[in-house]
Every structure is written in structure tokens, then in C-alpha cells.
Amino acid sequence: MKSPFSGKSTGLLPRDAAGETWLAAVIAVLCFIACLACVGAVAADRAAHGWARQLRAEATVQVRPRVGETGLAAAGRAAETLSSVPGVSEAAVMDRKEAEDLLRPWLGEAVLPDLPLPFLVTVRLDPKAPASTVVLSRALAEAGLDASVDDHSLWRGEVERSAALITALSLAGFLLIACAAAAAIVYATRAGLAAQRGVIETLSLSGATEGYIAGLFQTRFGLLAAGAGAAGAVAAALLLGALRTLGGAGGLTAALPLAWSDILLLSPCPLLAGTVALVAARIAAQATLGDRGPWRGPRRIRGRLADAVHDDRRFR
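Position in the sequence shown (first residue = 1) + 12 = this note's numbering.
Be a bit skeptical, because a hint or two may be false.
Listed next, with one range per pair, are the computed distances between beta-carbon atoms [claimed, not checked]: (1) Val-123 x Leu-187: 14 to 24 Å; (2) Thr-134 x Gly-62: 11 to 21 Å; (3) Ser-149 x Leu-119: 27 to 37 Å; (4) Ala-195 x Leu-127: 54 to 64 Å; (5) Thr-214 x Leu-255: 28 to 38 Å; (6) Ala-85 x Val-146: 23 to 33 Å; (7) Pro-117 x Ala-85: 27 to 37 Å; (8) Ser-149 x Leu-127: 22 to 32 Å; (9) Leu-166 x Ala-271: 26 to 36 Å; (10) Leu-129 x Ala-195: 53 to 63 Å; (11) Glu-81 x Leu-124: 53 to 63 Å; (12) Leu-124 x Pro-280: 28 to 38 Å; (13) Ala-37 x Thr-134: 50 to 60 Å.
Hints were generated in silico from the structure; no laboratory data involved. Built from N, CA and C at the ideal position, the CB exists for glycine as well.
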């Protein structure tokens, strides 16, 4: 005869006996926030590395004219000299209007006409084999030019450090959200065990082991968390798709460039949520059942039955 406990079935447990609807809503919200944190970290890392690549592919040269030479003439000679250096794709003189456009957001419009501006040359480097600062400085010195080369290494280092910090903070936030979801599942599992104590004692009398009873709750909350995680991931995917569509090719902003491939990062969310729920529910169920003791439930019921029989005999 086949044992009624040979197969796992969560149908033995009453539906929504411990506020599982609210638990599913909480898990869905937590998964939604975790998905946004994950995509935000990827987008910030993408933006920072994109800026770093742009800074690495460019250099700026400040030229100081010699006596009897105009600044534009000195800058023109520097651009011509650098254009012939291996590893340089293009060198061009930055005119005053372009320099004023760069300074206008910082200094305003009033002081720009009377402000003495340096003479600059923008250098675009070959991305495959860029020329180093030493090579550029040597070429300028051999041409008799008094100039200094800025390869933006200071700014590039700041950008890369900021990207690493943002990625670390986003990962920490994701881990905290996962821990919050696990804590919510543990609490709901304990509440479910307390609310369904009668069912547990009946199963114990019928021969169910603690492992089987814990498995019922494990399967129940694992499926619940997986479904809630899928709902949170779908909601995050819809929001990201809307932001990507509204933001155009660059995503929402230049600081957070989104890509359609970022939606694929959300696919493991249901599996991760279900796994966290399985582990948390198993631990909570076994801990709660262990506190009961293997025979405490059946002994209580047998005691109640004995008291009922005794009372029945006394009143006959």
C-alpha cells in the first residue's frame, strides 16, 4: 500500500493561512528593488568605463607662445607637430569660442569676453596604439614648443574609483535586500507553522516525519517566492523598457545609460528568490519542529483522548 506521504504535495496545507498574500507582495517589492539596484550598478559601471575610455583616447596640450609669437601661431605649430606623431589620430587647435562654451556653465556669460584663456590643442589618440604622454612631450620639445601635456589620468582615476564604489554599494544593497527577503520568509514560515499546528499534529499522528512536514512548507514558500520574484522581475523589466524607450539610444541619461540587454540580467531573479525561500523555509521549519520534540504533538493528542475517555466513563 502506498504511503500517503510518499509524494510531496502542498495541498495538505490550508491556503493563505499565515498571510501568504502579503508575504508574496513583500517579496515582489523586494525583488523589484533588487532588480533595479542590479541594473543601476551595471549602468553606472558602463557609464564610468565609457567615460574612462573617452578620457584615455584623448589628451589636451596647453601651449605657451614664445616671445614675438602669437598664441594661435604656437598652437597651430603644436597641432601640426602632434599630427605626425605615431599613435595620434588627430590634433586640432581649440578656438576661443569652443573654450568659452566649455567655461560658460562654470563662469557665466559676463566675465568671458575679458578673460584671458590659454591656448589649447585637443589630441585624439589612436585607440589601438595610443601615444603616451612622454612621446607627445618629447615631440613638442624637439619642435621648440613650450607646452604641457595632460592625458586626463587624474580624471580617469577618479571616474574609475567612483564606478568601483557605486558597484560595491549596489552589490551591498542587493545583498541587504536578499537578507530582508530571507528574514520575511523565515518569519512567515514560523507564523505558518504556528497557525497550522493542528495540521502538523495530525500529520505527525498519521506517521509523517519532521522532514516531510518541513518539506511541505519548503515547497509551499519556495513556489510562492519564485512566483513573487517573477512578478517583481517583470515589473522591473517593464519599467526599464519604458525608460529605455523614452531615453533613446543613450538610455535615460548619460550617467545611467541603459541597454536592452540589461533586461536579461533580471531573468535569474525568480530562481534566486525561490532558492532563498527554500533554504530559509527549510531552516525555519526544522528549527520550529525541533523545538516541539518528536513526540510532543502526538503525546498531547493522546493525553486529550485519554482525558475525554475518562470523562465519558465518569459521567456514565
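A quick look at each hint next to the structure:
1. A hinted range of 14 to 24 Å is violated for the C-beta pair Val-123 and Leu-187, which are about 49 Å apart.
2. Restraint check, Thr-134 to Gly-62: a C-beta distance of roughly 19 Å satisfies the suggested window 11 to 21 Å.
3. Restraint check, Ser-149 to Leu-119: a C-beta distance of roughly 29 Å satisfies the suggested window 27 to 37 Å.
4. Range check, Ala-195 to Leu-127: about 59 Å between beta-carbon atoms, so the 54 to 64 Å window is met.
5. For the pair Thr-214 and Leu-255, the beta carbons lie near 52 Å from each other, so the given range of 28 to 38 Å is not met.
6. The given range of 23 to 33 Å is respected by Ala-85 and Val-146, whose C-beta atoms sit roughly 26 Å from each other.
7. Between Pro-117 and Ala-85 the beta carbon distance is about 30 Å. The supplied range of 27 to 37 Å therefore holds.
8. Taking 22 to 32 Å as the suggested C-beta distance range, the pair Ser-149 and Leu-127 conforms, at roughly 27 Å.
9. A hinted range of 26 to 36 Å holds for the C-beta pair Leu-166 and Ala-271, which are about 29 Å apart.
10. Between Leu-129 and Ala-195 the Cβ separation comes to about 59 Å, which falls inside the hinted range of 53 to 63 Å.
11. Taken as a hint, the range 53 to 63 Å is violated for the pair Glu-81 and Leu-124, whose Cβ atoms sit roughly 25 Å apart.
12. Range check, Leu-124 to Pro-280: Cβ separation about 53 Å, and the 28 to 38 Å hint is violated.
13. For Ala-37 and Thr-134, the hinted distance range of 50 to 60 Å is satisfied, since their beta carbons lie about 54 Å from each other.
In this structure, the hints that do not hold are numbers 1, 5, 11, 12, in rising order.
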